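Novice: Working from the sequences, and respecting the hints, build out all of it.
Chains A and B are the protein sequences, given in the same order. Residues in the first sequence are numbered consecutively from 1, following this note's numbering. Residues in the second sequence are numbered consecutively from 241, following this note's numbering.
For the record, the hints were derived by calculation from the structure and aren't laboratory data. Keep in mind the model is a prediction, meaning the values are calculated, not measured. One should not assume that every hint holds.
Stated by the list, open to error - Output of the computed footprint for chain B on chain A, the stretches with three or more beta carbons under 8 Å from beta carbons of chain B:
hint: 1; stretch: 51-60
hint: 2; stretch: 109-115
hint: 3; stretch: 118-128
hint: 4; stretch: 138-149
hint: 5; stretch: 219-225
Stated by the list, open to error - Okay, derived cross-link-like pairs now, BS3-like style, lysine-lysine, Cα gap no bigger than 27 Å in a straight line:
hint: 6; chain 1: B; residue 1: K1082; chain 2: A; residue 2: K234
hint: 7; chain 1: A; residue 1: K40; chain 2: A; residue 2: K234
hint: 8; chain 1: B; residue 1: K854; chain 2: A; residue 2: K40
hint: 9; chain 1: B; residue 1: K870; chain 2: B; residue 2: K854
hint: 10; chain 1: B; residue 1: K778; chain 2: B; residue 2: K814
Positions of the beta carbon are idealized from the N, C-alpha and C atoms, including for glycine.
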Amino acid sequence: MDAIAVSPAIAKNPAAPPLVEVRGLTLTVPSAAGPVNILKGIDLDIPSGAAIGLVGPSGSGKTSLLMVLAGLERATDGSVTLAGQPITALGEDALARLRRDQVGIVFQAFHLIPTMTALENVAIPLELAGRPDALARAEASLVAVGLGHRLTHLPGQLSGGEQQRVALARAFAPAPRLLLADEPTGNLDQATGTAVMDLLFKMRAELGTTLLLITHDVTLAARCDAVVHIGDGKIQDVLF
Amino acid sequence: MDRVFLLLFLQKKKFSLPFLLARRELRGGLAGLRIVLACLALGVAAIAAVGSLRAGVAEGLAHDGARILGGDIAISGGNQPLPAALGDWLRARGARTSEVVSLRSMLVAPGGDRVLVEVKAVDGAWPLVGQAEVAPAQGMAAALAGRGLLVEPVLRDRLGLKIGDVLKLGRASVVMHGTLSAEPDRVASPALFGLRAMVSLSLLPQTGLIQPGTIAQYQLRAVLPAGPGAATVAREIRAKFGEQGWRIRLPGDAAQGLAQFIDRTSLFMTLVGLTSLLVGGIGVANGVRAWLEARVRTIATLRCLGASGGLVFAVALIQVMALAGLGVLLGLVAGALLPIAAFALLRDVLPVPPVVGVFPGPLALAALYGLLTAAAFALWPLARAMRIPGAALFRDALQPSRVWPPQGGMWWLIAGNALLVLALIGLTVLTAPERRFAIWFCAAAVATLLLFRAGGWLVMAAARRLRPRRVWLRLGLANLYRPGTATPLLLVSLGIGLSTLAAVALIQGNVRRQVSQQLPERAPSFFFIDIQDSQMAKFRAILAADPAATDLREVPSLRARVVSVNGVPAQQVKAAPDTTWALRGDRGLTYAGPMPDGTQMVAGQWWPPDYDGKPLLSFDAVLAAGWGLKLGDPIRLNVLGRDIDFTVANLRRIDWGTLGLNFTMIASPGLLAHAPHSHIATVRAPEADQARLLRAVTDALPNVSGIRVADVLRAIAGLLEQISTALAATGSLTLAAGALVLAGAVAAGQRRRIREAVILKTLGATRGQIRAAWLVEFGILGLVAGGIAALVGLAASWAVVVLVMHAEWVPLPATLAAVVLGCVVLMLGFGYAGTEAALRAKAAPLLRNE
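Specialist: And the structure:
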């Protein structure tokens, strides 16, 4: 069966190979009640520069798919290629380097390091990449998300919306090619969530970052170029 | 039904609410507080075990007082024979008596080998109390009949003796009749100055060992009939026979020196136990802090439901103290059982058979220490529970580590904590046999804690200023100062244990260096004792004929007993604990005209070389300070049964480390020169020539004994090894407590560490970078903790070696390096364990939406 591909029409350069290629992806995890098949053969191409919404009921496999794409979960079978590089065979450290150079991730629960200031949190991926201007870029990134006055604050001293903006700054600071966002507004009120998403889409547009956004919010999904419906570990359909 | 009524009753009482809530929460288990339990149990067990061990040995001493004394009363005439009238008087009152004379001599084997022995000459009534063990089995009368000799088994083995061998003791030939494996009136002690040889008292004159001035001990023991007690009899003896310089002892003071030694040893071990408890206290503080952090949601829920800060504090306090009580109880059980096992293992090492049992006194003291420590260290972190707001439920924020307790209760809290710390210090000082030492210990403990705390601040401040280029280095340094960092805790938990071990190792190393290197270089090879005036010419001629013998020094030797100091009887003098030994028993006394070479005068003037006036005394400055004796003060000594009043003319500093002819008391010439006395001499000779020299002197002068300094030093070295092992073992307890706290601290921070590792990996950090960052963190911590521990060890060992032992001190860099290295390795080990566990954690489960 052909891969369910997001239409080349939405790609900036239809001739270019997709940024993400997923083929026959399965994920089975052991449990006390026996093995659980979470992903049951996913085929998906995501063109470079596209914004894809990933929707589906709880437990359908959205986050698991995102984890596999990020190299944080190892696929049971199938292949994933990111920017032309197959990642399923890569070792843990190679995957870490790949994330450092190519992937930004935003979580619902922010996942900032609680003992680091906002500036340090944003600087970390840049420092890991050995960027000598890490702090300056991190500061610029925080200024860009409107947190120039909160540089030395710890996550515990920031509101939920502010924490998520720090997470956005951290994700965008290294200018990744792919941004994976897992319900980034799930922990925020509507107004704050909307503001954060405006920011996310604005930054993505500025940087030309490919986006895979998991959300339950239909209006949010509608802002994407395409929406992939996932259910029972399989892609059900793709809406443009 | 009753239970329901009881609960209803309790619920009506306001004070019962914290107990009810605490009880409900405790049903959830002890997770998080196990470290509190273990820390307290370990410290309390150490103190309870040492206390029980001491009590067992002390009771053994008290129980066996009459046996160790050799009777209900023992009268010692020192170097002077006791009058026959004394024995007659006692026997006339229905007492059974026994006479014992002890002295040192050379025992010459059939092959010519000779060793220094401690001769005990006994009459037919010995032993009055208990039984001697003789092999082959025979009665004492038969064993010592004729020219019978008994030796202790190790002496038999050393000389390769057999039953029936004929040996020389002084001028007499003696026949080995068997071995003496146990004497009821002997406490086990290391044989520094000769092994035991026993002969009959009637044989002693034939040996020719008793000469004028011979160093000997004369004793008369008596078992009294029912009637007036020993104390009454002692008073009657003094009234009847006057103050003749005799020392009269009752079973209660059978082994005063030994009791003091046990007191001192147990004091040291108790203080080490307290150090473990102190480290445990830090573990308690940390355990409580971590436990509260994990309970933030529960506390926040209670606050939302209307619980006051005071109620939250009370609930937490009850739980922690209940747990502390359990920890103390576990410690007490271990502390009570350990000595019972130890008694079985140490039977041969302990001086007397201890009384085996449970001793409530030491156990109660250990429990009090444990509970006070728990309260003192838990109070501050517990008070912070009052500041956890209900809003904590809604904001999953990191609880800052520096939440101050509520301002209103701040002063109460400080006062309460100060009271608890003072109670701990008071208890330590008041229960210590040597309070000054205990006060110094407390001061040193507080100073050490502050030093490690200051070290923590310095490390954090320095790490904050540094901004290295490499990310792993920067991350490692940042881990040292970030909010919630365990830097000060990690430093102090491992550091205090290592400080104790460093101090013990440095003291041990210094003493070992003195005994095995310095003393042999400076000390003479031989001490020859009991040389008669008439034998001096011959003695000098023998040495002059042997080119190996050099550096001969000789002085007159007498024995004297202190009768009174400044008019106060010796037994009532309030002396510093480390100087009381010189008030008991006979001490060496010499006289000199000109000031001896190398004398270090501290105060006063030396008398003219030809002085022949009122008796003057040159005295040891350290003893004088301990006794409150000043220049011009009177001191009465009993010399050869006669009381002589001396005036202190000058004070000297004595370097005992030379092992030369050092006397605490040197009298002016004149009166003593005319008293019968012997001489004592020191000689140096190469190792290879020593046996020949000893043989030459003792063959020609059979009553003269030669003490080989090398043998004594070897025996001392062996003894020191045993003591060192015991001290190191006790010191290791502190390290174990530290390791426990360290493990607790690492475990408490593990959740945060795992989360951080996952986020870092998500952001692109490799395992190598994360590992390197944590190695930097723990390496620096180990280096700093080791460095401070080395400093503390240096200071403590200097104080003990220089101020207490009055010996030369060197820093021993290799030992220090081992401490620092050991600390780094230990810290890295703990860090590595934590890091690897964190690196193994799977990212996905943690990152999924909560």
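Novice: The structure should be examined with respect to each hint, and the outcome stated for every one.
Specialist: Verification of the supplied hints:
Chain B is given as covering the stretch 51-60 of chain A, and this is violated because 0 residues of the stretch bring a CB closer than 8 Å to a CB of that chain, at least three being needed. Counting residues of the stretch 109-115 of chain A whose C-beta sits closer than 8 Å to any C-beta of chain B gives 6, which meets the bar of three, so the coverage hint holds. Counting residues of the stretch 118-128 of chain A whose CB lies closer than 8 Å to any CB of chain B gives 5, so the stated coverage by that chain holds, three being the minimum. Residue count for the stretch 138-149 of chain A with a Cβ under 8 Å from a Cβ of chain B: 0. That is fewer than the three needed, and the coverage hint is violated.
Note: the stretch 219-225 of chain A has 0 residues with beta-carbon separation from chain B under 8 Å; the three-residue rule is not met and the coverage is violated. The suggested pairing of B/K1082 with A/K234 holds, with an alpha-carbon distance near 24 Å, which does not exceed 27 Å. Restraint check: the Cα-Cα separation between A/K40 and A/K234 comes to about 6 Å, which is no more than 27 Å; the hinted pair holds. Note on B/K854 and A/K40: the hinted pairing is violated, with a Cα-Cα distance of about 114 Å set against a maximum of 27 Å.
The straight-line distance between the Cα atoms of B/K870 and B/K854 is roughly 18 Å, inside the 27 Å bound, and the hint therefore holds. The straight-line distance between the Cα atoms of B/K778 and B/K814 is roughly 46 Å, outside the 27 Å bound, and the hint therefore fails.
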